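Here the protein sequences line up with chains A and B, keeping their order.
By the working numbering, the letter at position 1 of the first sequence is numbered 96, and the numbering carries on one by one without gaps.
By the working numbering, the letter at position 368 of the second sequence is numbered 1797, and the numbering carries on one by one without gaps.
The set of hints was computed from the structure by calculation and includes no laboratory data.
Computed from a predicted structure; not experimentally measured.
C-beta: ideal position from N, C-alpha, C; glycine also.
Incorrect hints may have been included.
[What the hints assert, rightly or not] Listing some non-contacts, in silico: residues in chain B with all C-beta distances to chain A over 12 angstroms:
1) I1443
2) V1573
3) F1586
4) V1601
5) L1647
6) V1658
7) V1697
8) V1791
9) L1850
[What the hints assert, rightly or not] Partner residues aside, some chain A positions facing chain B, computed with beta carbon under 7 angstroms:
10) P109
11) Y130
12) F133
13) I149
14) I192
15) V200
16) P223
[Said to hold, decoys possible] Ranges between beta-carbon positions, derived for each pair:
17) V205/A x G1461/B: 35 to 45 angstroms
18) Y1733/B x V205/A: 28 to 38 angstroms
19) Y1744/B x P189/A: 34 to 44 angstroms
20) A1469/B x G137/A: 48 to 58 angstroms
21) T1835/B x V205/A: 30 to 40 angstroms
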Amino acid sequence: MSAIHGLMAEIGGPEALVAAVRRARAAGYRRIDAYSPFPVEGLAEAIGFAGSRIPLATLVGGIAGGSGGFFLQWYSAVVSYPVNVGGRPLDSWPEFIPVTFETTVLFAAVTAVVAMLAGNGLPRLRHPIFEAPHFDHATRNRFFLCILADDERFEAASVRRFLEEIEPIRVVEVPACE
Amino acid sequence: MAELLSPRWGYASITDKISDIVLRRPVHWIWGLGFAVAGALSVAFFGLMGWLFLAGVGIWGVNIPAAWGFAIGNFVWWIGIGHAGTFISAFLLLLRQKWRNSINRFAEAMTLFAAGIAGLWPILHLGRPWFAYWLAPYPDVMNVWPQWRSPLVWDIFAISTYLLVSLLFWYVGLIPDLATLRDRAQSRAKRVAYGLFALGWRGEARHWARFETAYLLLAGLAAPLVISVHSVVSLDFAIGNTPGYHSTIFPPYFVAGALFSGFAMVLVLAIPMRKFFRLEEFITLRHLDNAAKIMLATELILAYGYLAEIFTGFYSGDRYEIAITVNRMVGPYAPVYWALIVLNIVLPQVLWFRRARRSIPVLFTLGILINVGMWMERFMIVVTGLAQDFLPSSWGLFIPTWVDWTMLAGSIGLFALLFLLFLRGLPAISIFEMREIAAEEKA
C-alpha cells in the first residue's frame, strides 16, 4: 500500500470538528475534507468554501424554462396552428401565463438539483474515503477531518502529529483507490 | 414551549431508532393485515380500471347532463390531500419551523402518492384514455397543438410539474438518509440497493453546503407551486360558466380546503404510525397540536369561502346562480350539503380548545371525518351545478354505481398500499434533520 489518500481523524462532535478545521487551516493545510452526519453551521466557511453558483444556475434554468414555455405556446398558437375564435387575438398572452409559470418552476427546480449534484461530483459510488475504517459512522454519529495527501505541506509524520494534537478518537490512514 | 426532542436522544440513538424500523424490525402481523386489505382493494381498483378501458365510462353513473361525476370529484379530493406534504416541507422550512423536521418526510410521501393517484382520475375519465398523450405539446402529424387557453391544459402542466418537483424535493431530502441506510444495512443486496440511490453521498462539508442551498431553493420554488396547483384545479371550474362553478373566490377557497384536508390526512397517518412504531418522542403532542392549529386556520378560510359563495350567489342577481345556491341547501343533494357543513365547519370548532388539540382520539376521528366532509364538498361542487343548470328540461341527477364506489375505495386502498410499503422501505422520519435538532438542543 504505497499511495495514500490522506490521514483522517475521527472526532466526537460538531463544535470540535469546526475548531479542528480552523486549526488545520491556521496550520497552513489547504486540502482538507470534513465529514459530518448533518450540515454543521459554519463548517463550510471554516473549510474555505467560497460559495456555490447553484442560485445563479437555478435563475438561468428558470428563465430558460419560462421563456421556452412561453415561446412554445406563442409559436403553436400564433404561427404553427392559428385558430380564429370569433376574431379574438391569437397572441392572448395572459392565458399563456399559467403554463409559463409551471415550466419556469420545473426547469428551475431540475437545474437546482442537477447543479447541486454536478457541483458535488455525485453520483460517485466509489471513493477512497469509503475504505477508511469506521467511516460508516460518518452517516450516523461521527465527524471526520481528513487532510489529503496532495496538500503541498503534506508530510505523513507531521500531519499525524498535528491530528493527534486535536485529541481525536483515533487517527487512521486512508489508502488511495488503486 | 416544550422542547422538540428529549435530551436523552443523541445522534446515534436517533439514527438507530429510525433506520431500524426499515432495516431490522420484523414484519408485524398488523402491517401484514393492512397490506393484505390494501392489496385486495388495489387489485379491485386495477381490475375495474381494465374493465373501464374495455367497456367505457358507461359503467360509471356519469351521463349527460352530469358528465363529471366521481372521477373529477376524486381527482380534486386526492390532489387536495396531496397539498399538506409539500406545504409542510417548503413553507415551514422557509419559516424556520423546526418542528416540521419529524413530519416532513412521511407527509411528502403522502403528497406524492395522493398526487399520483389524483393524476390517474382525469385520464380514466377521458373516455379514450389511450389518447391521453394528446394533451402533451409535441409536433405531431395531425398538426394539432393543445388549446393553451383551456384550464384543462393548464392542469396537465400544473399537476405534472407539482408531481415532478415534489418528487425531486423528496428525493434530495432522502439522499443523506439513504446513505445512512447504506452504511447500516446488514446484507449486501440492501447495501447495494440503498447505495445506488444514495449516489455515493459521503457528507462532506462542501457537499452539505451545496445540498442546503439547493434544498432551500427547491423549497422556495415549491412554495408558490403548492398554491398554484389547487388554484389551477379550481380554474377548471371557475373559467366555465356553469352556475355554481363560475366564482372568483374559487382559487383561495380551493387552496385552503386542500391544506385543510391535507393536514387532516397527515393526522390520520401520523397517529397510527407514531403509535405502531413507538415514535411518540419524535412526533409529539406538540406536533399534533400545531397541525390542528393549521387545520383550524385553514378551516376558517374555508368557511369564509362557503359564505362568500352564498353571498356572491345572491348578490349576482343572476337567477341561475341564486337557484343553484338555494338548490344546494334544499335540492336533491341537500343531505350532502348539510353533512359537509357539519363535518367541515361545525365539528372542527372543537379545535379552539387545547384539550381537543391534544387528544389523540379526537384528532384521529376528526381527521377521518374531515376527509369524508371534504370529499362531499368536492362531490357537491362538481355535481350540483351540472345536474340542474339553465334548462329544467335537460336536468338529470348523477347517481353513482357500485363501480364508482368500488373504484373510490380501490384508490384509497392503493394509497394505503403505497404508504405501507414506504414505511417499510424508507425512513419515515428525516434522520439527518432530527440529528440537527439534537445538535441544537445540545448547544
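Hint by hint, here is what the structure shows:
Once the 12 angstroms rule is applied to beta carbons, I1443/B is inconsistent with being away from chain A; the minimum gap is 9 angstroms. With a least beta-carbon separation of about 7 angstroms from chain A, V1573/B fails to lie farther than 12 angstroms from that chain, contradicting its non-interface assignment. At roughly 4 angstroms, the least C-beta separation between F1586/B and chain A is not larger than 12 angstroms, which violates its mark as non-interface. Not every CB of chain A is more than 12 angstroms from the CB of V1601/B (nearest about 6 angstroms), against its label as outside the interface.
Residue-level check failed: L1647/B sits 6 angstroms from the nearest beta carbon of chain A, not beyond 12 angstroms. Once the 12 angstroms rule is applied to beta carbons, V1658/B is inconsistent with being away from chain A; the minimum gap is 9 angstroms. The beta carbon of V1697/B is kept farther than 12 angstroms from every beta carbon of chain A, the shortest such distance being approximately 29 angstroms. For V1791/B, the condition that its CB be more than 12 angstroms from all CB atoms of chain A holds, with the nearest at approximately 35 angstroms.
Every CB of chain A is more than 12 angstroms from the CB of L1850/B (nearest about 23 angstroms), matching its label as outside the interface. Satisfaction of the interface hint for P109/A is found here, the shortest Cβ-Cβ separation to chain B being roughly 6 angstroms, below the 7 angstroms cut-off. With 7 angstroms as the threshold, the beta carbon of Y130/A comes within range of chain B, its nearest partner Cβ sitting at about 5 angstroms, so the hint holds. Proximity of F133/A to chain B holds as hinted, the smallest CB-CB distance being about 4 angstroms (cut-off 7 angstroms).
Against a cut-off of 7 angstroms between C-beta atoms, the interface hint on I149/A holds, since the closest Cβ of chain B lies about 5 angstroms away. With a least beta-carbon distance of about 9 angstroms to chain B, the hint placing I192/A at the interface is violated under the 7 angstroms criterion. Evaluation of the V200/A hint against chain B yields a held restraint, the C-beta minimum of about 5 angstroms falling below 7 angstroms. Because the beta carbon of P223/A sits about 10 angstroms from the nearest beta carbon in chain B, more than 7 angstroms, this interface hint is broken.
Our hint of 35 to 45 angstroms for V205/A and G1461/B holds, since their Cβ atoms are close to 39 angstroms apart. Taken as a hint, the range 28 to 38 angstroms holds for the pair Y1733/B and V205/A, whose Cβ atoms sit roughly 37 angstroms apart. The beta-carbon spacing between Y1744/B and P189/A, approximately 26 angstroms, falls outside the hinted interval of 34 to 44 angstroms. Taken as a hint, the range 48 to 58 angstroms holds for the pair A1469/B and G137/A, whose Cβ atoms sit roughly 53 angstroms apart.
For T1835/B and V205/A, the hinted distance range of 30 to 40 angstroms is satisfied, since their beta carbons lie about 38 angstroms from each other.
Going through the hint list in order, the structure does not satisfy hints 1, 2, 3, 4, 5, 6, 14, 16 and 19.
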